Structure formats: C-alpha cells, structure tokens
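Start from the sequences, fold in the hints, and give me the full structure.
The working numbering puts the first residue of the sequence shown at 1, with every later residue one more than the last.
Only pairs whose alpha carbons sit at most 16 Å apart, straight line, appear in this in silico EDC-like list of lysine to aspartate or glutamate: (1) LYS69 with GLU54; (2) LYS80 with GLU44; (3) LYS69 with ASP90.
Everything labelled a hint here was simulated from the structure, so no lab data went into it. As the structure is a prediction and not an experimental result, all values here were calculated from the model.
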Amino acid sequence: MSAPPNSPEPRTDAPPAAPEKPKLGTYRRHLLVCTGPRCTQNGEAQALFDSLGETFKAAGLDHGELRVKRTRVSCFAACKGGPIVCVQPDGVWYYNAVRENMQRIVDQHLVGGQPVEELVFHRGPTAPR
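Okay, here's the thing in structure tokens:
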C-alpha cells in the first residue's frame, strides 16, 4: 500500500552521506590563465589556454616530475596587457602572454626554473626576488 498523496516523506535518522574527497594528480607548478573578456579580445586568452595542452606535452610538462597543471580563471582584475598568467607556487605574474611569449615562459620558467623577467609585472609575497 502506498502513502497517500501530499503525505510527508518518511523520516530517516541516517546522516547525509559525506561528500567524496576530491583527488588531484601531483604537479610541480600550477599555471593560472585569465580567460576573462576584458584584457584580451576575440577569445585570444581562451585560444592560448586551449593550446597549452599540446605545448605542455611537447615540453614534457604533461607528466612526471615537471608536470604543470593549468586552470582557467575568469578574471584576475588586472585587466590590461593580457593575456595574464600566474605561475604558482612561484608567485610570478606575467602579462602579454601571447603564444610567442608563452613559449618563452614554458621553456625558460616552467622547464628551466627561471622567470622571464621582461614579462613579469608582479611577484607574490613568497616569490623569489
């Protein structure tokens, strides 16, 4: 026999299930790419983000000890000189990260460990000076 219409749901005293803890693969650096509409035009930043998978693969940054995780963000509130990218945990912020400059950032910083100084516009509190 079913419950009459509009009757309350049966009570259960069981606590709700705990959310499952997320898992991430290990990585050495995390590249945050602003893909918001204010600092670039015509989807340039999104196109840059989309190209990074192949760029990282070619540089050996898609696996192993040097693996770099990439994440798109909607706005850094630094709405000039884009595309803007930030390398963490290094705390190094780059402007004008167009494809040619992004390749330099990949080769010199993400692989070689040395920031591309002429493209740096900000350093976080833990960034080497």
